Amino acid sequence: MVKITRRTALGITGGALGVGACATPSPLEPGSAAPTHPGTVAFSHGVASGDPLTDRVILWTRITPTDEWSGPIPVSYAIFLDDEAGTLHASGTAQATPGADYTVKIDAAGLSPATAYRYQFTVATPAGDVTSPRGRTRTTAAAGDTTPVRFAVVSCSNWPFGFFNVYRDIGQRADLDAVIHLGDYFYEYGIDGYGAEAGQALGRLHTPPTETVTLADYRTRHAQYKTDPDLQAAHAAAPWLCTWDDHESTNNSYRTGAQNHNPEENEGAWSDRKQVAVQAYLEWMPVRDPSRGAFRESIYRSFDFGDVASVHCLETRLTGRSDEISWFTEFAGKTPEEIPATAMATLERAADPSRTMLGGEQEQWLADGLAASTAASKSWQVLANQTVMARVIPPNFQQALTAEQIAAVDSPFVEPLVAFSQMGLPWNLDAWDGFPAARERLYASAAAAGARLVTLTGDTHTAWANNLHDRSGALRGVEFGCTSVTSPGLGDTLPVEDLGQQFERVNEDVAYHDPFGSGYTLVTLGADTVDAAFIKVSTITEPDFETSESARFTTTRTQSGLTPLSRT
1 MVKITRRTAL
11 GITGGALGVG
21 ACATPSPLEP
31 GSAAPTHPGT
41 VAFSHGVASG
51 DPLTDRVILW
61 TRITPTDEWS
71 GPIPVSYAIF
81 LDDEAGTLHA
91 SGTAQATPGA
101 DYTVKIDAAG
111 LSPATAYRYQ
121 FTVATPAGDV
131 TSPRGRTRTT
141 AAAGDTTPVR
151 FAVVSCSNWP
161 FGFFNVYRDI
171 GQRADLDAVI
181 HLGDYFYEYG
191 IDGYGAEAGQ
201 ALGRLHTPPT
211 ETVTLADYRT
221 RHAQYKTDPD
231 LQAAHAAAPW
241 LCTWDDHEST
251 NNSYRTGAQN
261 HNPEENEGAW
271 SDRKQVAVQA
281 YLEWMPVRDP
291 SRGAFRESIY
301 RSFDFGDVAS
311 VHCLETRLTG
321 RSDEISWFTE
331 FAGKTPEEIP
341 ATAMATLERA
351 ADPSRTMLGG
361 EQEQWLADGL
371 AASTAASKSW
381 QVLANQTVMA
391 RVIPPNFQQA
401 LTAEQIAAVD
411 SPFVEPLVAF
421 SQMGLPWNLD
431 AWDGFPAARE
441 RLYASAAAAG
451 ARLVTLTGDT
461 HTAWANNLHD
471 RSGALRGVEF
481 GCTSVTSPGL
491 GDTLPVEDLG
501 QQFERVNEDV
511 AYHDPFGSGY
521 TLVTLGADTV
531 DAAFIKVSTI
541 TEPDFETSES
551 ARFTTTRTQS
561 GLTPLSRT
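In this note's numbering, the protein residues as written are 1 to 568.
No lab work stands behind these hints: they were computed from the structure.
What you are looking at is a predicted structure, and each value in this text was computed from that prediction instead of being measured.
Positions of the beta carbon are idealized from the N, C-alpha and C atoms, including for glycine.
A portion of the hints provided could be inaccurate.
What the hints assert, rightly or not - DEER-style ranges, computed between Cβ atoms:
#  : residue 1 : residue 2 : range
1  : THR64     : THR342    : 35 to 45 Å
2  : ALA142    : ASP192    : 44 to 54 Å
3  : GLY424    : ARG134    : 20 to 30 Å
4  : SER566    : GLU542    : 29 to 39 Å
5  : PRO336    : ALA269    : 36 to 46 Å
6  : THR64     : SER112    : 30 to 40 Å
7  : ASP192    : ASP528    : 44 to 54 Å
8  : PHE328    : ALA372    : 33 to 43 Å
9  : GLU337    : ALA375    : 29 to 39 Å
10 : ARG292    : MET344    : 43 to 53 Å
11 : GLN399    : ARG552    : 41 to 51 Å
12 : MET344    : ALA142    : 52 to 62 Å
Put together the whole structure using the sequences plus the hints.
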């Protein structure tokens, strides 16, 4: 395959760094519409909604000019009650502009709590009205409401690795209050990068063909993913609460850099790349823009669902994360005799209290949010969190696997993994295990607030049900880690049947681990219980699939906290 990279093909091109804010809607009388647009258009990327509150929600679409038009495009929108008659509730106008890549975000206010609505966009043209698909959204419940809420929790959708069957199943559900997306909504690699071989086999190649570096690149990649009909269906089914992880910018990103950012290879300054990645994300995702004066990457925010739960969406990459520490980097070039001392020194660096995952400002925001939630008598304090919070070490694969099993695995990753696993070290320093002091501060904030933490986690492409213990051994919360939409997990690299059970046996925090398959977590929160069902799709390499439930866990609210997870 010909190697095509951004740096060799195009170099770096400039782009505007400003981010267009949510459109301010203009109210209309029922039946009125925006002015006629003289060109031709299409709604090629569907519709979406997100960031629901009791009285408002973000409505999103993108209008694609299908001619040479380069000016603004007037658009009207309508909101209907989700009743049999489809009663018109409100309407308004906005403009799609090239400065926001012709995306439109409406912060639609004047809605009622805990109410389902339908919505649609329209552009009037000389050939007639062009209308978008209709989407369904829902506002959150007001204080005092204890009706259970249900989330589909999802992460890690990599276009070349397979079909978005997970999104299709979510899109067919009518019982969701929201979809929570925990990041890696897309991947930044070119067609010669991660997933290249799978993409060639399935005919699912990334656009642009190069790694995403410029604003045009990131916009194009967002646009490609949103052409997928299954992703469009999931967006149209319910409002989304979204936060990014690393691949929306680039692999293993942190505040001042990233593993996959290479200025020496013509990728420019990290600050520029970070800002254009954020700009494209805010344009193309149904999220409320950060408040005026805040850093554009500060998308951490909270949502209350009646008296049942507060959901705190964290930002753990671009605002406060300290520099990356990687075992692979630390051990590179070391002799066997040097490894033990290197490991100890690395753990000491990771444990430095000055290291942060969230940054001081967000840590305080979260501590205040947990306290406010419990003071308002919300049953559960939910974290929409990117990387695994539990303490995790790998099993000793040298003892757990036979020589035949090791030899049967065709991966250069396995030999160093087997060697590393014998050391009993936390294996993923990109997760909270690489920030143990910051994790203890979070647990201390939860304890001080009397919070009942329910942590929702993505990133690993595998399923987890974890009991979260602080350094003293006290139970501070539970964690549900979702599998991926398509990205491969450890079970794809190391297909050992009891791999998950091996992790469970050696980790106090881990009640359940499933390193196989793709799917999502269906989380139902009631006033007194949380129920998490792990939903799997049978395949991602064929468009036809079946779903199944691989496991289910619950925790129950107690006077002083919550119970350890119980499998049901």
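Each hint tested on the structure:
Between THR64 and THR342 the Cβ separation comes to about 53 Å, which falls outside the hinted range of 35 to 45 Å. In this structure the hint that ALA142 and ASP192 lie 44 to 54 Å apart at CB holds, the actual value being about 51 Å. Under the hint 20 to 30 Å, the C-beta atoms of GLY424 and ARG134, about 54 Å apart, miss the expected range. The given range of 29 to 39 Å is respected by SER566 and GLU542, whose C-beta atoms sit roughly 35 Å from each other.
In this structure, PRO336 and ALA269 meet the distance hint of 36 to 46 Å, their C-beta atoms being roughly 39 Å apart. A hinted range of 30 to 40 Å for the beta carbons of THR64 and SER112 is consistent with their spacing of about 33 Å. Range check, ASP192 to ASP528: about 52 Å between beta-carbon atoms, so the 44 to 54 Å window is met. Evaluation of the 33 to 43 Å hint for PHE328 and ALA372 yields a pass: the beta carbon distance comes to about 41 Å.
In this structure, GLU337 and ALA375 break the distance hint of 29 to 39 Å, their C-beta atoms being roughly 55 Å apart. Between ARG292 and MET344 the beta carbons are some 47 Å apart, a value that agrees with the proposed interval 43 to 53 Å. Between GLN399 and ARG552 the CB atoms are about 31 Å apart, so this pair departs from the stated range of 41 to 51 Å. As the Cβ distance of MET344 to ALA142 is approximately 53 Å, the hint placing it in 52 to 62 Å holds.
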